[in-house]
Amino acid sequence: MLQLIADGLIVGSVISLGAIGVTMTYSILRFANFAHGELLTWGAYLALTFLGFFVALGGAGPMQPIGPFSFGWPLLAALAAAALMTALLALLVDWLLFERLRAHGTAIVLVIASFGAALAMRNLLQFIYGTLPDYYSREIQIAIRLVPRDVMGGMRITPDQLFVLALTAVTVVLLHLFLTYTTLGKAMRATAHNPALARLTGIDVRAVIRAAWIIGAVLAAIAGVFSGLTVQIRPGLGFDLLLPLFAAAILGGIGSVYGAVAGGLIVGLAESLSVPLFGAEYRAATAFLVLIAILLVRPTGLFGERS
Amino acid sequence: MADLIPILSYVTFFLCFAVIFAVMALGLNLQWGFTGLFNVGVAGFVAVGAYTSAILTAPPYPDSLGGFGLPVAAGWVGAMIMSGLVALVVGVAALRLRHDYLAITTFGVAVTLQLVALNARWLTGGPFGLQFIPKPFQDLLGTGLAWNMAYLAMSLAVLGLVYVALERLVKSPFGRVLRAIREDETAAEALGKRAFSFRLQSFVIGCMVMGLGGALYAHFVGYIAPEDFLPILTFQIWTMLIVGGSGNNRGAIAGALAVWLLWSLSGTVLRQIIPQSEQARGAALQIVLIGVILAAMLIWRPRGLVGEVIGTPAGKDEKGNTGKKA
Chain X
1 MLQLIADGLI VGSVISLGAI GVTMTYSILR FANFAHGELL TWGAYLALTF
51 LGFFVALGGA GPMQPIGPFS FGWPLLAALA AAALMTALLA LLVDWLLFER
101 LRAHGTAIVL VIASFGAALA MRNLLQFIYG TLPDYYSREI QIAIRLVPRD
151 VMGGMRITPD QLFVLALTAV TVVLLHLFLT YTTLGKAMRA TAHNPALARL
201 TGIDVRAVIR AAWIIGAVLA AIAGVFSGLT VQIRPGLGFD LLLPLFAAAI
251 LGGIGSVYGA VAGGLIVGLA ESLSVPLFGA EYRAATAFLV LIAILLVRPT
301 GLFGERS
Chain R
1 MADLIPILSY VTFFLCFAVI FAVMALGLNL QWGFTGLFNV GVAGFVAVGA
51 YTSAILTAPP YPDSLGGFGL PVAAGWVGAM IMSGLVALVV GVAALRLRHD
101 YLAITTFGVA VTLQLVALNA RWLTGGPFGL QFIPKPFQDL LGTGLAWNMA
151 YLAMSLAVLG LVYVALERLV KSPFGRVLRA IREDETAAEA LGKRAFSFRL
201 QSFVIGCMVM GLGGALYAHF VGYIAPEDFL PILTFQIWTM LIVGGSGNNR
251 GAIAGALAVW LLWSLSGTVL RQIIPQSEQA RGAALQIVLI GVILAAMLIW
301 RPRGLVGEVI GTPAGKDEKG NTGKKA
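If you're matching them up, the sequences are chains X and R in order. Per the working numbering, residue 1 is the first one in the first sequence, and the count goes up by one each step. Per the working numbering, residue 1 is the first one in the second sequence, and the count goes up by one each step.
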C-alpha cells in the first residue's frame, strides 16, 4: 500500500510538471495543445544527446555518479541544455505553425494543428533516434528501505526517485514565486484571466505568450528527463503521458498552476492504486476514468473558476 | 494482357482502401465539417465497428467470443449500432462542455479502446487480433481479382448510399440547424434550438458512419489487430478531410482519394530509396510528411481542395434538391 503511494507520487510529479505546461498554454493561448507530450519526449532525448556530448567532453570515461545517485554532473548539465533547446523547439513550432493560425482561424483549428504537430514531432524524433528504448545510466541502484516491511507492506525508494520528488517540489515553489512576485508573472496571470483587458492595460501579450511556451517547455523537458531517469527513454514517452497530463490539468482546473500540481499527483496516485484493482495492463485507462468523472461531476476542476 | 492483371489488381486494391477511408471521412465531415465537433477518437470508433462486425459474422474462435455466423450485412448494421452506442455515452459526458473537452475525451476513448483491444483476449483476441473474418461472396468469386473488384463495387455502393443520405441530411432543416450551431451557438439557442441535442445526434450519426467504415475494412482485409487502429488512423482521416475541404461531402471523398494516393506513393518511393534495415525510419518519415501537409493546408488553404459551398439558394433547399450542380 505505502509502496503504491510512493510510486504514485513519483509518476505524479512527472505528470504535475507536464500538466503545468498544458494548463498554461491552455489558459494563455486558449487551446488544448496535443503536441505538449512531444516536448517531454524531445526533452528526454535532447538530454540524452547532450549527456553523450558532455561525457565525451569530460574525457574521463563513463559518467561518475554523485553520491548514491545513478547519474553525475554531466546529466544535470545535459538537463539544463535540453531544457533550453526544448524551449527553442516550442518557440520554433509556435512561430512556424501556431502563430500563423492564431492570426486567422479559431481556437479549434489550433487543436487540429497541434494534433498534426504531435505526430510529426514524434515521428521526426523516431526517424532521428530510432525506436529502441534507452537509459541515461546503466548504474544499478539499491533502493533505500524507508518503512519496514511489516508496516502496511513497507516502502522502498531509490535515491533517483527521491531526487525527482525533491526537484519537483523546488521547481513548483520557484514557479510560484515567479508568478506571484515578478512583473512578467503577474502579466501572465492577468492575460490568462482576461486577454482583452490585459492588452488594454498595456501588457505585451506576445511576450506573455513567449514566456508561457518557454516555461511550459522547460518544465516539459524536466518531466521528460525525470520519466527517462525513473522509467526509460522511448519515443512514446510523452504521447503515452498526454492523457494523464490533460486529466491532471482539467482535474486541477484549467489555468490553475497549483491545481495542475495537485491534479498530477492525484492522477499519479490513482494510476498506481488502480494496478491491484484492474491489473497493470489497464493502468493507462485510469487517467481516462478520472477525466470522465471530473467532467461529469465538476467540469471546472478542483481549483477552477466557475465561468 | 498478362501485364495488365497485376496493375489492375493493384488499382482495385488501392481504390478499395480509398473508398473505405472516404466513408470514414464522411462520418467525420458530419461532425467537424457541419457541426464543428472535434473528434480525436476516429480510430476508436472505427475499431468498435470493425471488431463488432467481425465478432458477429466470424466462425467460432477457440479462445474468444465468436461463432454467431451472421451474414455480413448484419455485421455492418451491428457495427453501426455499436459505434453509435459508444458515441452516445461519450457524447452525453462531453458534449455539454467546452469544445476542446470533446477533443480530450474522444482522445481518451481511443486510447482506452486500444487498451481493451490489446488486453481483453476473450473479446478481441488480444494482440494477435481476429482472423478468418468472412469475405462476402467469397465462395462464389474466390480470393483473386474478381472478388476484389466485387468488393470494390459493394464498397462503392455503400459509399454512394452514405453520401446521398448525408447530403439529404445536411441540406434538410436539420442540417441547417447544425450549421447554425457551428457558427453561433448562442444565436441558435435563442431561436429555440437545443444545441446539445442536435450536437449529440450529429456526433452519434457521424460515429455510426465511422463504425460502418471499420466494418468495411474488417471484411476487406479479413484480419484485424489492435495496431490497425492506432492514432495515426485518426490523423490520416483528419488530413483527408482538411485536404479535401471540410463542410463539403464531395471534398471529403476527394480528400480521401488524394491523401491515400499521396500516402501510397510516398510509401513506395521511401521503400525504394531507404535500405531494408532502415524501413522503420522510413515509415516515420512518411508520417512527418503527412503532418507537414496537414499543417501547410491549415495555414495556406484552410478551405481545402473543394471547400464548403456557402449560400445555396433557399428555394432549392426546401424542395430537397442537392443544391448547386458542379
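Derived by calculation from the structure, the hints in this document are not laboratory data. One or more hints might be untrue.
To be verified - One side only, chain R facing chain X, incomplete, derived with CB under 10 Å:
1) GLY36
2) THR105
3) ILE242
4) ALA295
Claimed, not checked - Facing chain X, a subset of chain R residues (Cβ under 8 Å, in silico):
5) PHE38
6) VAL40
7) ASP100
8) LEU115
9) ASN119
10) TRP122
11) TYR163
12) GLN272
13) ILE273
14) GLN279
15) GLY291
16) ILE299
17) ARG303
18) VAL306
From the three backbone atoms N, C-alpha and C, an ideal C-beta is built for every residue, glycine too.
Among the hints numbered above, which are violated by the structure, and what are their numbers in rising order?
Result: hints 10, 11, 12, 13, 14, 17, 18 break, sorted rising.
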